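The chain contents come next:
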Amino acid sequence: MKDLFLEIWESLKRNKLRTALTGFAVAWGIFMLIVLLGAGNGLMNAFMFNGRDFASNTMMIFGGYTTKPYDGLEQGRDINLNDKDIELTESQLFVNHIDDVTANITQGPYPMVWKNKSVSVSLSGSYPKIAEMDKITIEEGRFINNIDMQQRRKTAVIATSHAKQLLNGGTDYAYFLGKQLKIGNSMYKIVGIYKAQENMRNNDVYVPFTTMQMLTNNYNYEDHIVFTFHGLNTEQENEEFERQYRAVLNQSHRAAPDDDGALWIWNRFTQNMQMDKGTSILRKALWIIGILTLLGGIVGVSNIMLITVKERTHEFGIRKAIGATPASIMKLIVAESVTITALFGYIGMILGLVACEIMDATVGKSSLEMFGEKVSVFVDPTVGLDVAFGVTLVLIIAGTIAGLSPALKAARIRPIEALRNE
Amino acid sequence: MLIELQGIHKTYDNGQPLHVLKGIDLSIDKGEFVSIMGASGSGKSTLLNILGILDNYDEGEYHIDGKLIKNLSEKEAAHYRNQMIGFVFQSFNLINFKTAIENVELPLFYQGVSRKERHDLAMNYLERFGLADWASHYPNEMSGGQKQRVAIARALITQPRILLADEPTGALDSKTSVEVMDLLTQLNREEKVTIIVVTHESGVANCTDKIIHIKDGIIGETTLNAEHHASIFGSDTIMK
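Keeping their order, the protein sequence lines are chains D and Y.
Counting from 1, one number per residue, gives the positions in the first sequence under the numbering used here.
Counting from 1001, one number per residue, gives the positions in the second sequence under the numbering used here.
Simulated from the structure, these hints should not be mistaken for laboratory data.
A few of these clues could be false.
Between beta-carbon pairs, the in silico distance windows are [said to hold, decoys possible]:
id : chain 1 : residue 1 : chain 2 : residue 2 : range
1  : Y       : 1191      : D       : 420       : 25 to 35 Å
2  : D       : 385       : Y       : 1138      : 38 to 48 Å
3  : D       : 387       : Y       : 1065      : 54 to 64 Å
4  : D       : 408       : Y       : 1191      : 33 to 43 Å
5  : D       : 420       : Y       : 1073      : 33 to 43 Å
6  : D       : 310       : Y       : 1014      : 18 to 28 Å
7  : D       : 282       : Y       : 1015      : 51 to 61 Å
8  : D       : 303       : Y       : 1061      : 38 to 48 Å
9  : Y       : 1091      : D       : 385       : 49 to 59 Å
10 : Y       : 1065      : D       : 421       : 30 to 40 Å
11 : D       : 10        : Y       : 1061      : 38 to 48 Å
12 : Y       : 1191      : D       : 421       : 27 to 37 Å
13 : D       : 299       : Y       : 1159      : 38 to 48 Å
These numbers were taken from a predicted model, which means no experiment stands behind them.
Virtual Cβ for every residue (Gly too), placed ideally from N, Cα, C.
Could you build the full structure based on these sequences and the hints that come with them?
Laid out in structure tokens, this is it:
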């Protein structure tokens, strides 16, 4: 074994430039592959990160405008959601798929005042269920509950960011539990503080939906309806369901059943599916590019091995004449090929991982303001260690293959012919 | 008989077939010091290559020590070369990037001998040939005579049945040629090494005990040369 390595070392030393250039090609190939995969992961993780605060199997329904005349009514009519829509959503018609139904009215901004401090907030009149659906985490106290709803209580749940501002930077949020704060023109009792979500520009103050209706004197109206659903697993199933749902609600508003503008449906589930599809395509593309880059390196190694074999033909002839078997000659060449790919592949892998860490420390921490929300563009752009090793292993195998063809050629030459070569 | 050749034919086919060996019959016994002499194109080098299992033949049979050497796989051939044959070439054929001692020990590497043992054995031979100081030198730092002695050491290190030399003095001046032939003679006399030398020079052939003439692919006369008076270049005359 040691002899083999000594032989290889000698051979590489004799041709430093050639070895370096080949090695560079291999290291570069792996480096690019890892950086590409890492960057791809960074983008994909960012998508998922931005979406993580919402339960994915929900649909949000908004009222829109009719885009065609129907039932004697003209187009361009404003459609507003009302209690009938909630009823229909909760009804037997959709009980196979729809689970929890909530509605929402949001108004504001209003000033929320405490002592001499004030924060500008939007009031979101919501159902209790929304805490689960929007993954709202309560830090102190509780969220809106059914009794609040039934009694149309003037209770409110504020965000940690609000509390912090009112406390002048303090974090003793529990302080506000039970206190009465003036929001807009009314007083509300604070019953809970929830963890502010980073990627929302302004977190809302939650009050009971029914209370909101009362305060705005706007019964029989919702800004939007949100419901969770199950059992719709393909894009087709989702589309079919949306079609039916839309038809039913449209009719209730005397709009054409197929009028896409009358009702707006935002389906987080299909959105996620599409994103998954997108990321999967992205991932495949990156792998393909990466592997092609790698291939360049492998071809480089094979090329070099061919040249090396040609140059050493005379030497191989001598070795054969004194007793080297074809297998031993092959071993020599393949071992050299594998050593180059493994060594420089490893270097490329390390450098690639380092580059990913650098990406993570710089671009990974930055974010964009997009549509008024803080959005991460690049999250955790790294490649798992198992992937990195897997890739390097592939490279070593490739190195073996790269060396095989020249090796076979060398092994087969008859000694007497090899010796004629100078 | 150590070496037996019966009815050996060989034809090269490079475009036009060339019938180089046209039925060689030859026997060489253990401990003999023999030369095969012929002009260029006589087939002597081809014959030597066949003897050295570096090339194969078309018809006939070749036995070394009773073993039939015919249609061997490359692996078997390498094995026999390693064990039974030591080859010395006209152009030395040392590996340039290896030192003298590394060259000498190489055949032992292919026998699986350990590093230390190889090194010691090789050093032994180099010392015997007066090349101890040159052990760590590279071939391009040595004279022709020294290189050929290294090559002979390499050929002998596996203690082969037979030592084959293809024009061993071809690249050497007259003085060094004498030295090398003296070395071969010494090896034959003192250590009973069986040696076959191929040459076209009568001075070289004269050093050997038996001269086998080859012409146009067939063995001609065999001259017994125990007194080394075989030619006008007799034992007290000039080599070359």
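Okay, the hints, checked on the actual structure:
no.: 1; hint: Y:1191 - D:420: 25 to 35 Å; verdict: 32 Å, holds
no.: 2; hint: D:385 - Y:1138: 38 to 48 Å; verdict: 46 Å, holds
no.: 3; hint: D:387 - Y:1065: 54 to 64 Å; verdict: 59 Å, holds
no.: 4; hint: D:408 - Y:1191: 33 to 43 Å; verdict: 41 Å, holds
no.: 5; hint: D:420 - Y:1073: 33 to 43 Å; verdict: 22 Å, violated
no.: 6; hint: D:310 - Y:1014: 18 to 28 Å; verdict: 21 Å, holds
no.: 7; hint: D:282 - Y:1015: 51 to 61 Å; verdict: 59 Å, holds
no.: 8; hint: D:303 - Y:1061: 38 to 48 Å; verdict: 45 Å, holds
no.: 9; hint: Y:1091 - D:385: 49 to 59 Å; verdict: 54 Å, holds
no.: 10; hint: Y:1065 - D:421: 30 to 40 Å; verdict: 32 Å, holds
no.: 11; hint: D:10 - Y:1061: 38 to 48 Å; verdict: 41 Å, holds
no.: 12; hint: Y:1191 - D:421: 27 to 37 Å; verdict: 34 Å, holds
no.: 13; hint: D:299 - Y:1159: 38 to 48 Å; verdict: 46 Å, holds
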